[in-house]
Amino acid sequence: MRDFKALRAVFFLVLCAAFTAALNFAFIPNSVARADLHRVSTETYDDLFIGSSHSHSDIDPLVVDRETGRKSTNAGMPSEYLTDSYYIVKLACESGHRPKRVIYEWDPGYWMTEDMAGNNPDSFYLRFPASLTKISYFADKIMDMKWYYVLEPWSEYRNLFKNIPATVKIKLGKDYRNYGTADLDTDVKKYRPEGFAYFSKGTETDSFSNVLSFDRTKVGEKPLQYFKKLAGYCREQGIEFTVVTLPVPRETYSALLSSFQDAHDYFTGIAGSLGIPYRDFNDLSDGELDRQVLNYRDYDGHMSGELAEKFSVILGKYLTK
Amino acid sequence: MSFLSAKFLMFVAAVALGYYIVPKKMQWLVLLAASYLFYLSAGVKILLFLLFSTFTTYACAMALDLTGRNAEEASRNKKKRKFFIFITLLLNFGVLFVLKYMNFVLELFRPGSDPVNWILPLGISFYTFQSVGYVLDVYWKRTEAEKNPFRFALFVSFFPQLLQGPIGRHSRLAAQFKEPHYFDLTRIEHGLQRILWGYFQKFVLADRAGVAVAEIFTNYQKYGGLTDILGVLLYSVQLYGDFSGGMDVVIGVAELFGITLDENFRQPFFSVSITDFWHRWHITLGTWMKDYLFYPMSLSKWMSRFGKRCRHVFGKKTGRILPIALSNIIVFLVVGIWHGSGWKYIVYGLYNGILIALANLNTPLFDSMFRITHINPKSRGMHVFRIIRTFILVNISWYFDMAGSLSIALRMMRDTAEKFSFNVLKDGTLLSLGLKKQDYLILLAGILVVFVLSLFRENGHDIRADVDKKVLPVRWALYLLLFFSVPLLGMNNVAGGGFIYARF
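In order, the protein sequences belong to chains S and D.
With my numbering applied, the first sequence covers 68 to 388.
With my numbering applied, the second sequence covers 2 to 505.
No lab work stands behind these hints, which were simulated from the structure alone.
Hints are not guaranteed to be accurate.
Below 30 angstroms or equal to it, Euclidean Cα-Cα: the simulated DSS-like pairs (lysine-lysine) are [to be verified]:
(1) S:K72 to D:K46
(2) S:K72 to D:K8
(3) S:K296 to D:K46
(4) S:K157 to D:K179
(5) S:K295 to D:K46
(6) S:K157 to S:K289
(7) D:K46 to S:K285
(8) S:K268 to S:K256
(9) S:K72 to D:K470
(10) S:K289 to D:K101
(11) S:K296 to D:K8
(12) S:K72 to D:K179
(13) S:K268 to S:K377
(14) D:K8 to D:K148
(15) S:K229 to D:K438
Here the structure is a predicted model, which is why all the values come from computation and not from measurement.
Chain D extracted, bound-state conformation (with noise of 0.2 angstroms):
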């Protein structure tokens, strides 16, 4: 059941129904139903996925429960413990890696070998990640172990959530979960603007500059220069409108039912630096990355050790700096494998991976830098230059993002340089790409609404509040301004392809 579609909102308000009607301590259950027949409605067999995600990691808990009710319990049975952990993540990274990776693997090891033509279960790549971080959350004792198989089965699979995150964590979600609800007209309104803000930004913006992109990158072999860079903007426009906007239709849902799911983007156009962007873009996931994956690692054993030897051998502000450059190499390396299988994630990852690791290890030249030219690094100007900076270089790393191979997007990085020339602003190459004039006006309308929304928000102005204080013809003018510019302003193809990242 795609989010776009009528039989989705229809689902949603027949929950919404439901769920408001019903006892407020059964309220859980009408959610649980839903999310499982919601989750049917795309076939049976990828069910059996989700369940076994579910059972392994609601056992492992109850395991890890049962072997450590205090310290002292836990130290006696610390191999034990250890042992569940790693078979409860053998097997669902294990089915994760099996489904997804495959063919790469295979490709890699075998070329020229059939791929083979498993489905990939809806939303494998967020319920596994979430529940695998439940996991270690009961054994590092962060939340407690969920009693209830049921309600566990409802934080696995909230059906909001479950195709593209946020990828939720359990001491924030369950609890919700457990209170009462009672219908509250605000918070609908609430919901349904933030849905309706997320529809905006999916159908005007994505869906819009997605024709272009999916132009470019398929025929690139036509194009260079200026069209390139112009597809790698406008693939901003079509990630952002569209992972952004599917979040908000996410977050606004789940708010209909007066859940909360916490922020998956924070004006990431305005990051200074590249640390800063992944602060603020697909933030859960990263989030997830330092909790899970960073800081397990920069804490082992094994890195104090490399970070003993770096100092020995680099001095002791290049070698307190190398463990954690290695580790966020690490970490991107995984945040590029997580977003698909191949050279180009792989490529993609360390890309961001090096960046962030070089920044960390050339802060003091940087430092010195501004010293000796008297650049004031906390000027606007220094701030707007970084923020540039940023930009561009988020940019650069949409060519392994988006296009079809690794050679692929070196070929486009080459072209882009090679073929640059600004004829293509003249000679009709525009109106060629599948949109025509008012459809770049109205992404150049779309966009800057989004910029000034986003700045707004960047300058600490809470846009929800403000709307909420306007008289109510205003208010009422500006929903029905953004409820008819979607059918008015949205991109005209029926059918339509869904989110991009309910496919991970």
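Just chain S, with the same shape it has in the complex (with noise of 0.2 angstroms):
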């Protein structure tokens, strides 16, 4: 009797979890961190680029390339923490694709605010591979969030169930299943190889309100305790770890230009004290880079596909030195 209700209890988790599989498979959209993460645990490079959006809109890793002459790939993403930053980096490595360099971009805002209230903050890992970094992963970050969000990752994207018919169709496709992001594409942006997406010129230069103005007496202990995990990984692994900072819209950086100078002594001051090189590249000059808020995306610095280009021959150039 006992072995027929163990057997019968061992059926029921198997239905909750064949419940829980179909709802993730018709709302959990692709994502761009599904491709990028595949690229960075099968393929082989040189430079890996982690970061923000930033790093996703304004570094093209072809044109970089053709400037360093090395292979370079982008895992810079949107609402990419520096603590998802650190475990993309363990597991390009855990999958035998350790790469020569990792150019870590710093946004100032991902300092201050916290990883946990963003949106979707499971999104990469629910992206990952299976692999022992997904473990550590998961036992670092993700077994803190509200039990479903973990058990029951599709009630983040439960918004989204008139998409369900689409997203179904898209899973069963062959561009899905061969880590594709056709389906991304929008008017405005265009996912190009290597983690890079090209925006059209913006029309969402109208405020200032959505950047965030650098405090350093907002920044946490976190981003900081991974920074310093990220290097020491890098050290030990024998990768070389730079940082840089993208360059913002010359309006944005002269209305909140105290902000911006406090970034930079913060950071250099930070990097300095452990060693490592670091560039912000808000200091270009307009000869160098045009970089007129209409060559943007938005005020927050996200650059159209053409701006950013120009920029990725720069930072070429810089990485090459």
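Since each chain comes alone in its own frame, lean on the hints to assemble the complex.
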């Protein structure tokens, strides 16, 4: 009798798991993280870019490679916090694709906000291939989330129920199976190879309200802790580690001048104390890069594809030095 | 480690696995290790406070045991025993007082002085009351002193109840920790049922109501009238969903280990008086106050002298009630202070105490009114009237509990009356409180489910037994519905806060 009861309990758990798998399949949409993480863990490259959405929109690895003569890939993505970046680098190493150099794009805003406060903080974790790194990522960050986000990840996407037919269709398609991103392209954004998003020039250039002003007193403990962990890990693995800050529009920079200068001083101090090279590209002159906001997607500093390609040349030259 | 996190569920699963694998004699050791590990996860420093409380109360109980093995010995050592008790209460309540109320006292006597920034160890209000209650029980010979310090440490630190109660009694818990517990799938099923139901109340109701409550009580200047009333009503939902839901999780987790904890809620919103409400809401705090404060105070010599004087001045009837009324006011003043430091908590406690005292004093008056008006006090209509009246009185008390300060609570009360208008129902205010239309619908549906189940329980139904009687497919469908309703309807904020009472 007891065995029968146990069998029933196991069957019930299997039923729950089956429902969950079906809901995950139907609700969770394709994501650029899926493609990027697959590339990071399966392809070979010399330089690995990590960072935020700015890295994603401002750095075209193919252009950078033309300058450096090396092979690079971009794993900077929207809502990528340092905790995520750290595990992306670990994933690359664990899967046997250790880069020679990691270039971390420092966005001051990400150091002032909680990584659990953003949208879908487990969106990278969900797309991580099965690995030991995924387990440590889970133990470090994911298991502190509410249990139902962990056991039932579809719940974070439950508002997308209208997209279920489209999501299912995409997931059954060949492009998805090949880790493609064709379905994520829009009129203003096209995904290019190696993790670069080509944006058309902006229509969202009407406000500073979304730009987070840097305040060093608001920097949490976690970013610094993970920055040191990442630097230490790169050192252990024999990976060169460098940090860059990408240029924002001249208008944004002028409006928040003291904030940007303080951010520069703050990070120069940190990087200096750890002996890590740091380059803040906000000092580029108009002659070097036309930083009018019209060339960007928004005031926050996401570049249009056209400007990103020009900037990538400059970045490539810097990385060649 | 938050009770809401996946980490907690994994921790519980791992502890349960260990608990049922080890020899039965060692089960309590698994719980002890787990409890300390759980507390340690919140920091090493706060563990010292738990150890301090455990050590002092254990030592005191042992001293009481050694000095009072029989009535004669206890009588001979009366002064010594009183001294032990005095020191233990002073030390434990002293630590609690200093950590929890120092800033309030500083502000009271030295306004404008810099507040001290001391940590408040998790669950200190709960484990202090639980361990002090044990010492008093040993003193009054209601329970045996626990000789094994480690078993006693488990009684104080049992991890499910450590942070938010229920405040347990040694006489009921100690034996359970000693008994062997065999793996029983039916009990596991019941425990999980209870845990899920707790999470449903927390995530679907409390967290959702809490969004509008926070908006209304934080930006109280913007609102008034019906919006404030809505805020208070939603606070009822939030507090009940949070605390009662939290208790369901706690009791459910304990049930997984075969430990039955005391119930802390019994359909409180069906109360017919404030006294009745406190017999149904946070029951273990109420019974603690009754056993360790109300009765000792009511039966004390000075209260007896006060009673005699009252009977002399006010006559037999009123004179008999006055000492009880005074005891109630003092008890609820302490209940108010227990809830936090600040005038608003003192007024919250006094409000409840005075209402209870007035109800006691006016009982003869009410009886006469019923006789004159020929109203049957036991009629159904009167019962419903009393429930509604109590509900309103309880909701008024929430102003003090939830508002940022006493002055804000009073201002909000004034605004509720002065700015009353039905316009808020159609001018979009309700949709500016952080909740969408669908949130209100989910809240209404959730409240309806809780109400119907409470009504069943109030009428003597044992819901769990009813569910057990259902055929397997129906039971599974119910479980699946409950399980998937949490991710489907739970409030969508990933980090989220913990339980309100886990901060006490």
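Each hint tested on the structure:
Restraint check for S:K72 and D:K46: the C-alpha separation of about 45 angstroms exceeds 30 angstroms, so the hint is violated. The straight-line distance between the Cα atoms of S:K72 and D:K8 is roughly 27 angstroms, inside the 30 angstroms bound, and the hint therefore holds. With a CA separation close to 25 angstroms, the supplied pair S:K296 and D:K46 stays within the 30 angstroms bound. For the hint linking S:K157 to D:K179, the alpha-carbon distance of about 47 angstroms lies beyond 30 angstroms, and the restraint is violated.
As the CA atoms of S:K295 and D:K46 are separated by approximately 25 angstroms, the hinted pair is consistent with the 30 angstroms bound. A distance of roughly 18 angstroms separates the Cα atoms of S:K157 and S:K289; the hinted pair therefore holds under the 30 angstroms criterion. For the proposed pair D:K46 and S:K285, the alpha carbon gap of about 25 angstroms is at most 30 angstroms, so the pair holds. Our distance criterion of 30 angstroms between C-alpha atoms is met by S:K268 and S:K256, whose separation comes to about 10 angstroms.
Pair hint S:K72 plus D:K470 holds up; C-alpha atoms about 16 angstroms apart against a cutoff of 30 angstroms. Only pairs whose Cα atoms come within 30 angstroms are accepted, and S:K289 paired with D:K101 is accepted, the gap being roughly 29 angstroms. With a C-alpha separation of about 23 angstroms, the suggested pairing of S:K296 with D:K8 holds against the 30 angstroms cut-off. A threshold of 30 angstroms between alpha carbons decides the hint, and for S:K72 with D:K179 the separation of about 27 angstroms falls inside it, so the pair holds.
Distance hint between S:K268 and S:K377 is fulfilled; the C-alpha atoms sit about 14 angstroms from each other, no more than 30 angstroms. Restraint check for D:K8 and D:K148: the C-alpha separation of about 34 angstroms exceeds 30 angstroms, so the hint is violated. As the CA atoms of S:K229 and D:K438 are separated by approximately 18 angstroms, the hinted pair is consistent with the 30 angstroms bound.
Comparing the model with each earlier hint shows violations of hints 1, 4 and 14; every other hint is respected.
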